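Asker: Chains as they are written, first to last, in numbering that gives the first Met the number 0: chain A, 0 to 517; chain B, 0 to 368.
Quick caveat, the hints were computed from the structure, so don't treat them as lab data.
There's no promise every hint is true.
Derived BS3-like pairs (lysine-lysine); straight-line CA-CA distance at most 27 Å [what the hints assert, rightly or not]:
id, chain 1, residue 1, chain 2, residue 2
1, B, K353, A, K476
2, B, K13, A, K54
3, A, K476, B, K69
4, B, K227, B, K353
5, A, K54, A, K128
6, B, K69, A, K328
7, B, K226, B, K353
8, A, K423, B, K16
9, A, K491, B, K54
10, A, K454, B, K227
11, A, K421, B, K69
12, B, K226, B, K361
13, B, K226, A, K70
14, A, K421, B, K18
15, B, K16, A, K476
Which bits of chain A does chain B cover? Going by a derived footprint, with three or more residues having C-beta under 8 Å, they are [as the list claims (entries may be wrong)]:
id, stretch
16, 25 to 37
17, 100 to 113
18, 213 to 219
19, 310 to 324
20, 414 to 422
21, 431 to 444
All of these numbers come straight from a predicted model, not from anything done at the bench.
For every residue, glycine included, the Cβ atom is placed at its ideal position computed from N, Cα and C.
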Amino acid sequence: MPISIHRPLPPEIRDLQLELEAKAAGYGLDFFETIFEMVDYEEMSMLASYGGFPKRYPHWRFGAQYDEMMKGYSYGLQKIYEMVINTDPCYAYLLEANELTDQKLVIAHVYGHCDFFKNNAWFAPTNRKMLDDMANHAARINRYVDRFGYETVEEFIDACLSLEDLIDPYAPHIKRTADVGDQRLASWDSSEQDSNEAATGDGRFPSKPYMDSFINPPQTLEDHVEEGKAHAEEAAKRFPAEPMRDVLFFLLQHAPLKPWQHDVLSIIRDEAYYFAPQGQTKIMNEGWASYWHSTIMTSHALKDEDLITYADHHSGTMATSPQRLNPYKLGIELFKDIEQRWNSGRFGSEYDNCDDLIEKEKWNRELGLGRDKIFEVRRVHNDITFIDTYLTPEFCIEHNMFAFGYNDSNNYYEIVSREFPKIKQQLLTSLTNHSRPIIRVEEGNYRNRGELYLKHEYHGVELKPDDAEATLENLQKLWGRPVHIESIMDDKRAILSFDGHEHQMDSFEHDSIGSLLS
Amino acid sequence: MPRSIDQDLNRFNKILKGKVRDNLRKYITRSEMFGRKGRESVSIPVSNIDIPRFKFGKRGSGGAGQGDGKVGQPIGSGGQDEGEGLGQAGDQPGQHVREVEVSLDELAEMLGDQLQLPRIEPKGNDTLKSLKDKYNTISPTGPDSLRHFKRTYKRALKRQIASQTYDPTRPVIIPTRDDERFRSWTTTTEPDANAAIIYMMDVSGSMTDDQKEIVRIEAFWINTWLKKHYDGLQTRYVVHDAVAHEVDEDTFFRTRESGGTRISSAYKAAEAIIARDFPIDSWNIYCFQFSDGDNWGEDNSACLDQLQQFLLPVSNLFCYGQVESPYGSGEFIRELRKVSGDWENMILSEITSKDSIYDSIKLFLGTGK
Numbered sequence: 000m001p002i003s004i005h006r007p008l009p010p011e012i013r014d015l016q017l018e019l020e021a022k023a024a025g026y027g028l029d030f031f032e033t034i035f036e037m038v039d040y041e042e043m044s045m046l047a048s049y050g051g052f053p054k055r056y057p058h059w060r061f062g063a064q065y066d067e068m069m070k071g072y073s074y075g076l077q078k079i080y081e082m083v084i085n086t087d088p089c090y091a092y093l094l095e096a097n098e099l100t101d102q103k104l105v106i107a108h109v110y111g112h113c114d115f116f117k118n119n120a121w122f123a124p125t126n127r128k129m130l131d132d133m134a135n136h137a138a139r140i141n142r143y144v145d146r147f148g149y150e151t152v153e154e155f156i157d158a159c160l161s162l163e164d165l166i167d168p169y170a171p172h173i174k175r176t177a178d179v180g181d182q183r184l185a186s187w188d189s190s191e192q193d194s195n196e197a198a199t200g201d202g203r204f205p206s207k208p209y210m211d212s213f214i215n216p217p218q219t220l221e222d223h224v225e226e227g228k229a230h231a232e233e234a235a236k237r238f239p240a241e242p243m244r245d246v247l248f249f250l251l252q253h254a255p256l257k258p259w260q261h262d263v264l265s266i267i268r269d270e271a272y273y274f275a276p277q278g279q280t281k282i283m284n285e286g287w288a289s290y291w292h293s294t295i296m297t298s299h300a301l302k303d304e305d306l307i308t309y310a311d312h313h314s315g316t317m318a319t320s321p322q323r324l325n326p327y328k329l330g331i332e333l334f335k336d337i338e339q340r341w342n343s344g345r346f347g348s349e350y351d352n353c354d355d356l357i358e359k360e361k362w363n364r365e366l367g368l369g370r371d372k373i374f375e376v377r378r379v380h381n382d383i384t385f386i387d388t389y390l391t392p393e394f395c396i397e398h399n400m401f402a403f404g405y406n407d408s409n410n411y412y413e414i415v416s417r418e419f420p421k422i423k424q425q426l427l428t429s430l431t432n433h434s435r436p437i438i439r440v441e442e443g444n445y446r447n448r449g450e451l452y453l454k455h456e457y458h459g460v461e462l463k464p465d466d467a468e469a470t471l472e473n474l475q476k477l478w479g480r481p482v483h484i485e486s487i488m489d490d491k492r493a494i495l496s497f498d499g500h501e502h503q504m505d506s507f508e509h510d511s512i513g514s515l516l517s
Numbered sequence: 000m001p002r003s004i005d006q007d008l009n010r011f012n013k014i015l016k017g018k019v020r021d022n023l024r025k026y027i028t029r030s031e032m033f034g035r036k037g038r039e040s041v042s043i044p045v046s047n048i049d050i051p052r053f054k055f056g057k058r059g060s061g062g063a064g065q066g067d068g069k070v071g072q073p074i075g076s077g078g079q080d081e082g083e084g085l086g087q088a089g090d091q092p093g094q095h096v097r098e099v100e101v102s103l104d105e106l107a108e109m110l111g112d113q114l115q116l117p118r119i120e121p122k123g124n125d126t127l128k129s130l131k132d133k134y135n136t137i138s139p140t141g142p143d144s145l146r147h148f149k150r151t152y153k154r155a156l157k158r159q160i161a162s163q164t165y166d167p168t169r170p171v172i173i174p175t176r177d178d179e180r181f182r183s184w185t186t187t188t189e190p191d192a193n194a195a196i197i198y199m200m201d202v203s204g205s206m207t208d209d210q211k212e213i214v215r216i217e218a219f220w221i222n223t224w225l226k227k228h229y230d231g232l233q234t235r236y237v238v239h240d241a242v243a244h245e246v247d248e249d250t251f252f253r254t255r256e257s258g259g260t261r262i263s264s265a266y267k268a269a270e271a272i273i274a275r276d277f278p279i280d281s282w283n284i285y286c287f288q289f290s291d292g293d294n295w296g297e298d299n300s301a302c303l304d305q306l307q308q309f310l311l312p313v314s315n316l317f318c319y320g321q322v323e324s325p326y327g328s329g330e331f332i333r334e335l336r337k338v339s340g341d342w343e344n345m346i347l348s349e350i351t352s353k354d355s356i357y358d359s360i361k362l363f364l365g366t367g368k
């Protein structure tokens with residue numbers, strides 16, 4: 000059911016689409032049916048503000064994004080050429096005002112995205128019928144707006160959005176306990192299971208009878224059982240049983256929410272999970288689409304008269320600036336690099352262990368495995384594993400890469416290193432968790448007073464304190480009781496707290512580390 | 000068809016305006032805001048609103064980039080809040096300052112709300128009325144463009160039922176000429192409210208640019224507020240040192256002279272303006288005088304006489320703002336205090352700095368006269 004403002008493509012673009020679709024399929028790209036629509040710039044900005052969906056629930060931030068995009072466009076600062084959404088069928092929007100060359104480029108680019116959506120493992124658990132679900136979400140929230148008033152609902156959505164990053168992006172892939180939807184029961188089950196196992200399991204190693212008293216000394220067995228019991232008791236006191244990264248889910252289970260609030264929060268969480276893979280694969284996804292638009296354009300679709308426009312726009316997309324790594328550029332170059340390495344056999348221990356630089360330079364086994372390799376890469380990786388596996392020192396040198404860091408003393412970001420390990424590490428760090436701190440629920444009954452205790456997993460970058468305070472306020476609105484977050488501030492372990500009225504920060508010297516949770 | 004994004008956009012603009020309202024005290028002292036003359040709305044920069052999240056600060060943050068440069072070369076300060084944009088390889092927009100368009104009317108409304116200024120009740124003048132047409136009735140005649148469909152069809156339905164020509168199984172209603180009804184107007188008379196503001200300012204050497212800036216800002220807001228309440232607001236400007244001149248607005252805020260100060264000369268000029276332009280029985284008259292309070296000693300009694308004999312009896316308000324200056328003696332306000340008890344339309348305010356403009360406006364306009 001098309002909720003969209005469906006407008007059929009003009010015949011000449013339709014022909015282009017069919018031609019390019021056939022070309023893309025010919026290269027082995029595999030995509031859901033892709034429906035293209037023509038929109039004007041206002042509609043494009045509106046769709047882009049809504050994350051590509053024609054219908055979303057009412058919220059001011061969409062208006063803010065729209066305002067920014069329209070202003071950016073009218074001042075000539077930015078322009079959106081295209082937009083695709085990950086659904087089955089895929090919907091893609093073309094900008095009416097684009098030149099024909101741009102339309103070709105964009106259509107080829109879109110098929111790259113559609114192939115990526117369908118085949119990349121990280122998108123596998125996403126809901127391909129999200130178009131309908133987004134509209135349903137909108138209907139539900141509009142109903143609450145009618146019943147409880149715009150501002151009440153809006154204020155609650157604001158609070159939920161403030162926490163929307165606090166999901167576990169790996170949860171849809173790892174069956175830790177049971178289906179996420181049934182985790183409440185599952186988490187109780189599993190803790191019970193643990194304790195049963197600890198109480199009955201005797202920790203015996205297999206042994207021949209005559210060796211048994213040596214391999215399984217009775218005293219150790221007894222200790223083991225005791226330990227298991229103690230551990231189980233400890234775990235039973237804990238709530239949740241183990242730190243939980245899906246903070247939103249914890250809130251859905253345990254926060255004192257009214258039914259409509261529960262529903263709104265679950266909508267925000269659903270949408271956050273839906274959009275998560277796009278954040279996890281930005282470099283790959285854009286790189287893959289760029290790889291295909293440049294391959295298809297340069298080997299087939301480009302006519303003489305297209306050349307200048309194409310070159311201009313392609314290079315515009317690929318432009319780099321020192322302050323911001325361009326995901327399109329990094330992605331396409333890495334894919335090309337991988338293709339070349341696997342074509343020439345520059346991988347594996349033989350190549351890695353070769354000390355002769357001249358021989359390495361000339362290395363070519365003529366394996367021709369490149370195409371297959373990049374298809375495999377696009378199927379299994381996300382940005383982090385992609386960079387971790389395929390970024391090479393040679394690549395960093397060739398592309399003039401560097402690592403930068405913030406210098407406290409002069410308030411400047413500056414280049415800190417051009418060494419490969421440092422660049423790779425900084426890049427991976429900045430990609431981790433979509434560049435957001437990793438935060439878990441440690442305790443839902445802190446100090447035995449029903450207070451919520453979160454912990455930030457500190458890896459050298461501190462939280463921004465004013466935002467942390469404002470976020471705690473929103474968390475407190477949902478939890479109802481005082482809330483805390485533990486992190487490191489000024490090199491000291493610190494707990495930021497908000498009890499509904501005032502903020503507090505306790506810091507501890509490093510000596511007193513040990514669990515602050517008793 | 001209304002687009003759903005418009006609702007979100009309106010809501011966002013409302014929130015931005017709320018931000019202006021919350022920080023009005025800060026904004027009203029910014030003169031650059033109303034520097035452009037003749038504009039109905041002003042753009043006010045407000046820091047972007049954003050949904051707070053747990054995120055990384057700058058300390059310890061970094062990332063990877065591409066380009067030339069040696070180790071140690073700065074690549075940017077990351078501005079106020081851009082830290083997050085830098086840290087990631089994504090294309091998240093950084094923080095921006097937004098400009099929000101606010102009309103002067105809205106600003107006046109906000110100011111009124113914030114200062115809890117009472118609505119001004121115009122001095123009633125029953126003899127002077129203006130006529131106003133309002134389309135609020137129905138008439139049996141009129142042009143087609145004003146035809147009231149619902150009324151017309153209702154009458155037709157009534158007629159058909161009454162004449163038993165209405166067939167419920169085939170509910171066709173055909174209005175005749177007699178059924179037609181049209182929107183029409185009534186003419187009402189409204190009391191005409193005119194107001195004149197006369198600004199008087201001491202331009203002797205001790206009034207420096209800083210002091211004049213204060214007067215300018217305060218006068219701007221007073222105008223804005225009074226304009227909201229009166230359709231035909233007239234302003235006149237008088238500057239004086241030892242003698243007074245009527246000047247235009249621009250000159251008023253730029254002139255700087257030296258020499259002695261004789262405040263009574265300004266009062267005389269104001270009196271002449273009122274006599275000439277604003278017959279007191281049909282005008283609401285507001286007098287605002289600004290000075291650093293340094294007057295020629297023997298002139299003080301002349302001032303008090305003139306005030307009490309003419310200006311105070313005819314004015315809705317007579318406001319005196321004494322702007323603190325490093326040179327002035329500030330004695331004039333003490334003279335005025337001697338009589339201020341007798342005149343409830345006389346308001347005195349000491350303005351020590353830009354920050355006190357807000358309170359001064361509240362003091363001046365808080366009586367609702």
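Asker: Now, for every hint given, state plainly whether the structure supports it.
Answerer: Hints, one by one, checked against the model:
{"no.": "1", "hint": "K353(B) x K476(A)", "in the structure": "violated (38 Å)"}
{"no.": "2", "hint": "K13(B) x K54(A)", "in the structure": "holds (22 Å)"}
{"no.": "3", "hint": "K476(A) x K69(B)", "in the structure": "violated (48 Å)"}
{"no.": "4", "hint": "K227(B) x K353(B)", "in the structure": "holds (24 Å)"}
{"no.": "5", "hint": "K54(A) x K128(A)", "in the structure": "holds (13 Å)"}
{"no.": "6", "hint": "K69(B) x K328(A)", "in the structure": "holds (22 Å)"}
{"no.": "7", "hint": "K226(B) x K353(B)", "in the structure": "holds (23 Å)"}
{"no.": "8", "hint": "K423(A) x K16(B)", "in the structure": "violated (45 Å)"}
{"no.": "9", "hint": "K491(A) x K54(B)", "in the structure": "holds (18 Å)"}
{"no.": "10", "hint": "K454(A) x K227(B)", "in the structure": "violated (54 Å)"}
{"no.": "11", "hint": "K421(A) x K69(B)", "in the structure": "holds (15 Å)"}
{"no.": "12", "hint": "K226(B) x K361(B)", "in the structure": "holds (16 Å)"}
{"no.": "13", "hint": "K226(B) x K70(A)", "in the structure": "violated (32 Å)"}
{"no.": "14", "hint": "K421(A) x K18(B)", "in the structure": "violated (43 Å)"}
{"no.": "15", "hint": "K16(B) x K476(A)", "in the structure": "holds (25 Å)"}
{"no.": "16", "hint": "25 to 37", "in the structure": "violated (count 0)"}
{"no.": "17", "hint": "100 to 113", "in the structure": "violated (count 0)"}
{"no.": "18", "hint": "213 to 219", "in the structure": "violated (count 0)"}
{"no.": "19", "hint": "310 to 324", "in the structure": "holds (count 6)"}
{"no.": "20", "hint": "414 to 422", "in the structure": "holds (count 5)"}
{"no.": "21", "hint": "431 to 444", "in the structure": "holds (count 5)"}
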